[in-house]
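The chain contents come next:
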Amino acid sequence: MPNLSRFRDLLYQLILRDLKSRYKQTFFGALWVFGRPLVELGAYILVFGAFLHAPSDGVPYPLFAFSGVVLWSFVSGGISRGSRSVMSEGGLVAHAPFPKATLPLAAIVGALIDSLLAAVMLALLMLVQHVAPSPETWLLVPVFIVLGILVTGIVLISSALNVFYRDVSQLVDVGVRVWLLLTPVAYAKSVVPAQFKTLYDLNPLVGVFDLSRAALLGTGSIDLSVLWYPLVVGLVLLAIGAWVFRAVEPYFAESV
Amino acid sequence: MGITVSGVWKRYRLRSRSLKEVLTNLVPRRSGAPARPKSMWALEDVSFTVQPSSTFALIGANGSGKSTMLKVIAGMMKATRGAVRVNGRLSLLSFLGGSFHGDLTGRENVFLEGALLGLSRTELRAKLDAIFAFAELERFIDVPVKFYSSGMALRLGFAIAAHLEPEVLLIDEAFAVGDTAFRDRCLGRMLAFKAAGTTMVLVSHERYLVEQLCDTALLLDHGRVVALGKPQEAFTAYERIIEADEADDGDDREGEPARSPLEIESVELEGGGDGPEPVFKPDTGLVAKVHLRAKTDVAGASIGVQIAREWHVLHGTRSNRQGLEITARAGERITMAIEYRPLSLAHGSYAIHVAVYEHRLAVSPVMVWKRAAKFRVILPETEGVGLVRLTHNWRLLSDGRPR
Numbered sequence: 001m002p003n004l005s006r007f008r009d010l011l012y013q014l015i016l017r018d019l020k021s022r023y024k025q026t027f028f029g030a031l032w033v034f035g036r037p038l039v040e041l042g043a044y045i046l047v048f049g050a051f052l053h054a055p056s057d058g059v060p061y062p063l064f065a066f067s068g069v070v071l072w073s074f075v076s077g078g079i080s081r082g083s084r085s086v087m088s089e090g091g092l093v094a095h096a097p098f099p100k101a102t103l104p105l106a107a108i109v110g111a112l113i114d115s116l117l118a119a120v121m122l123a124l125l126m127l128v129q130h131v132a133p134s135p136e137t138w139l140l141v142p143v144f145i146v147l148g149i150l151v152t153g154i155v156l157i158s159s160a161l162n163v164f165y166r167d168v169s170q171l172v173d174v175g176v177r178v179w180l181l182l183t184p185v186a187y188a189k190s191v192v193p194a195q196f197k198t199l200y201d202l203n204p205l206v207g208v209f210d211l212s213r214a215a216l217l218g219t220g221s222i223d224l225s226v227l228w229y230p231l232v233v234g235l236v237l238l239a240i241g242a243w244v245f246r247a248v249e250p251y252f253a254e255s256v
Numbered sequence: 001m002g003i004t005v006s007g008v009w010k011r012y013r014l015r016s017r018s019l020k021e022v023l024t025n026l027v028p029r030r031s032g033a034p035a036r037p038k039s040m041w042a043l044e045d046v047s048f049t050v051q052p053s054s055t056f057a058l059i060g061a062n063g064s065g066k067s068t069m070l071k072v073i074a075g076m077m078k079a080t081r082g083a084v085r086v087n088g089r090l091s092l093l094s095f096l097g098g099s100f101h102g103d104l105t106g107r108e109n110v111f112l113e114g115a116l117l118g119l120s121r122t123e124l125r126a127k128l129d130a131i132f133a134f135a136e137l138e139r140f141i142d143v144p145v146k147f148y149s150s151g152m153a154l155r156l157g158f159a160i161a162a163h164l165e166p167e168v169l170l171i172d173e174a175f176a177v178g179d180t181a182f183r184d185r186c187l188g189r190m191l192a193f194k195a196a197g198t199t200m201v202l203v204s205h206e207r208y209l210v211e212q213l214c215d216t217a218l219l220l221d222h223g224r225v226v227a228l229g230k231p232q233e234a235f236t237a238y239e240r241i242i243e244a245d246e247a248d249d250g251d252d253r254e255g256e257p258a259r260s261p262l263e264i265e266s267v268e269l270e271g272g273g274d275g276p277e278p279v280f281k282p283d284t285g286l287v288a289k290v291h292l293r294a295k296t297d298v299a300g301a302s303i304g305v306q307i308a309r310e311w312h313v314l315h316g317t318r319s320n321r322q323g324l325e326i327t328a329r330a331g332e333r334i335t336m337a338i339e340y341r342p343l344s345l346a347h348g349s350y351a352i353h354v355a356v357y358e359h360r361l362a363v364s365p366v367m368v369w370k371r372a373a374k375f376r377v378i379l380p381e382t383e384g385v386g387l388v389r390l391t392h393n394w395r396l397l398s399d400g401r402p403r
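From first to last, the protein sequence lines stand for chains U and S. At position 1 of the first sequence the residue is numbered 1 (the working numbering), and the sequence of numbers has no breaks. At position 274 of the second sequence the residue is numbered 274 (the working numbering), and the sequence of numbers has no breaks.
If you're looking for bench data, these hints aren't it; they were derived computationally from the structure. Keep in mind that a hint or two might mislead.
[Claimed, not checked] Listed below are the simulated DSS-like cross-link pairs for lysine-lysine, each with C-alpha atoms no more than 30 Å apart in a straight line:
#  : chain 1 : residue 1 : chain 2 : residue 2
1  : S       : Lys374    : S       : Lys289
2  : S       : Lys289    : S       : Lys230
3  : S       : Lys230    : S       : Lys281
4  : U       : Lys24     : S       : Lys127
5  : S       : Lys374    : S       : Lys230
6  : U       : Lys20     : S       : Lys127
7  : S       : Lys127    : S       : Lys194
8  : S       : Lys295    : S       : Lys194
9  : U       : Lys24     : S       : Lys146
10 : S       : Lys281    : S       : Lys295
11 : S       : Lys281    : S       : Lys374
12 : S       : Lys146    : U       : Lys20
Could you put together the complete structure from these sequences and hints?
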């Protein structure tokens with residue numbers, strides 16, 4: 001399969017380029033990767049922790065919020081970088097024959113790497129706070145896989161459509177912001193009033209975030225079956241995304 | 001390893017780029033407002049075959065569909081109708097070094113650009129030194145590309161491409177830039193590809209390159225096939241299209257004719273017979289007579305004459321370079337003549353541009369009459385290639401036998 005190995009080689013080089021250029025082009029380089037989630041975390045601690053006293057399922061609020069931020073940075077980073085990935089390489093897309101799906105995938109992997117670096121900081125924070133990771137921490141692996149499927153599905157659709165309708169990336173940005181508020185990133189699910197519960201649970205990320213906190217910090221009982229719903233939603237989106245991307249890829253070169 | 005293009009049509013949608021336009025298009029348009037065209041045909045029923053191991057050229061004006069054709073062959077675009085079959089591993093050279101990221105070093109960039117062109121990491125690692133040697137950038141291998149000049153980046157881009165081993169190679173005007181020495185090396189590399197049996201399709205404006213390199217040429221005009229055959233025949237057809245377009249242009253007087261102290265009334269060519277396009281032989285002479293009228297009192301003005309073929313100016317000079325200046329009173333008529341003997345031009349169609357300079361030191365003309373006269377040069381037989389025919393004689397000085 002020379003095509004598959006070509007795809008893999010190209011994907012690897014694109015990821016490497018994004019990583020290296022991020023480290024080299026800014027004055028603080030890699031510091032930004034750590035700085036951004038820390039700034040976000042600071043704001044959450046102030047607003048949700050100090051002002052609003054948001055419930056945090058019995059763990060110190062900074063830990064609670066940061067575990068959410070780590071997961072969320074993958075979702076939001078992957079979606080917003082991925083959606084623009086094809087357009088922002090317009091010159092290449094118009095002039096070089098290569099499998100275009102490498103562009104959104106490289107962007108998603110880039111966001112994953114950022115998120116994993118933030119996870120390293122989370123581990124340090126846990127160490128400082130004397131919180132031992134629960135033995136179920138390995139469950140974060142299936143959690144990231146499910147998130148990856150969801151994000152990839154969305155990004156394949158949005159990055160392809162963004163080539164034809166520039167509004168799509170704006171729409172996606174608004175959507176991501178709203179999604180953040182509707183996801184238990186900065187607050188625990190327990191604040192949601194009972195009558196909104198069913199509606200709230202329609203958000204496929206709710207179960208994923210709940211489970212990952214339970215697995216890492218021991219905030220509740222472990223119920224693996226909550227992964228089914230986001231997994232099915234993700235697979236459906238992935239199937240649609242793959243179909244859309246393949247269908248419109250031949251028209252990228254004339255539309256960027 | 002050949003290419004078969006059968007009945008290819010390609011339509012571009014000139015479509016809306018935002019949801020706003022999609023929404024406004026849903027509302028029925030009021031009558032009176034002219035509807036914008038929704039699409040255009042970039043290729044119309046194009047068919048041709050590129051024989052294995054042959055070199056094929058796509059020629060034509062900008063917007064004729066050459067690049068679209070190339071992208072359809074490369075599989076980057078889908079033909080609206082028709083089919084393209086390519087046998088063999090394909091590479092497209094276009095936008096050399098397009099993936100380069102300024103903050104990354106030459107070495108780092110080679111790996112990404114190479115991966116885009118379809119070279120594996122192992123191949124690239126093995127060829128890295130050869131690539132930098134070809135580009136003559138060995139000293140800059142670990143320097144960020146943002147410190148490269150555009151020529152250096154281009155050289156590196158071509159060097160990567162030169163180390164591909166394609167069976168079918170598509171080249172999109174890769175020679176548009178670069179200095180002479182580098183172009184020679186590119187040409188050498190392409191001749192090597194040709195010798196190795198690579199099937200090549202070349203999009204180019206350069207007649208000399210195409211005539212030297214290609215077995216067959218296809219002329220496209222507004223997406224349609226106009227000529228398909230030997231490069232010389234295709235270029236002859238191309239010249240005819242250019243002439244027809246120019247004839248439509250009407251007045252070719254550029255600059256500020258109103259401010260010019262001299263009016264060019266007519267330009268007359270002698271030595272080639274009558275008609276709008278007299279015919280000359282390269283070893284005879286051509287006299288161009290420029291009839292002028294002074295609109296005001298003139299002192300120290302001069303005129304310039306250029307001989308051009310397509311967009312190449314082959315020769316240009318000003319009368320004051322031989323000490324001839326024009327001094328006249330308003331209303332007087334002047335005739336200047338310039339003689340070319342021998343004419344020393346190759347077979348083809350030519351145009352004469354005439355310019356007026358206000359004074360000896362004027363750097364640019366106050367007006368230019370483009371294509372004030374046209375003529376044709378016909379050679380009884382071809383005796384070489386190139387844009388000019390230099391007077392020359394061959395002699396055998398030593399035949400290798402011992403004396």
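Legend entry - Hinted pair S:Lys374 and S:Lys230, Cα distance within 30 Å: holds (25 Å)
Inset, instruction - For the pair supplied as a hint, S:Lys281 and S:Lys295, confirm whether the alpha-carbon distance does not exceed 30 Å. - result: violated (37 Å)
Legend entry - Given hint U:Lys20 paired with S:Lys146 - CA-CA distance at most 30 Å: holds (14 Å)
Legend entry - Given pair status - S:Lys194, S:Lys295, alpha carbons within 30 Å: violated (59 Å)
Legend entry - Distance restraint between U:Lys24 and S:Lys146, which requires alpha-carbon spacing of 30 Å or less: holds (12 Å)
Legend entry - Proposed proximity, S:Lys127 with U:Lys20 (alpha carbon, max 30 Å): holds (22 Å)
Inset, instruction - Measure nothing beyond the straight line between the CA atoms of S:Lys374 and S:Lys289; if it is 30 Å or shorter, mark the hint as holding. - result: Status holds; Cα separation ~13 Å.
Legend entry - 30 Å Cα cutoff - pair S:Lys281, S:Lys374: With a Cα-Cα distance of about 14 Å, the restraint between S:Lys281 and S:Lys374 holds, given a limit of 30 Å.
Inset, instruction - Take a quick look at whether U:Lys24 and S:Lys127 sit within 30 Å of each other, Cα to Cα. - result: holds (26 Å)
Inset, instruction - Would you mind confirming whether the straight-line C-alpha gap from S:Lys289 to S:Lys230 stays at or under 30 Å? - result: violated (37 Å)
Legend entry - Restraint check for S:Lys127 with S:Lys194, where alpha carbons must lie at most 30 Å apart: At roughly 21 Å apart (the allowed maximum being 30 Å), S:Lys194 and S:Lys127 satisfy the hint.
Inset, instruction - With a cut-off of 30 Å on the C-alpha distance, tell me whether S:Lys230 and S:Lys281 pass. - result: holds (23 Å)
Checked against the numbered hints above, the structure breaks hints 2, 8, 10 and satisfies the rest.
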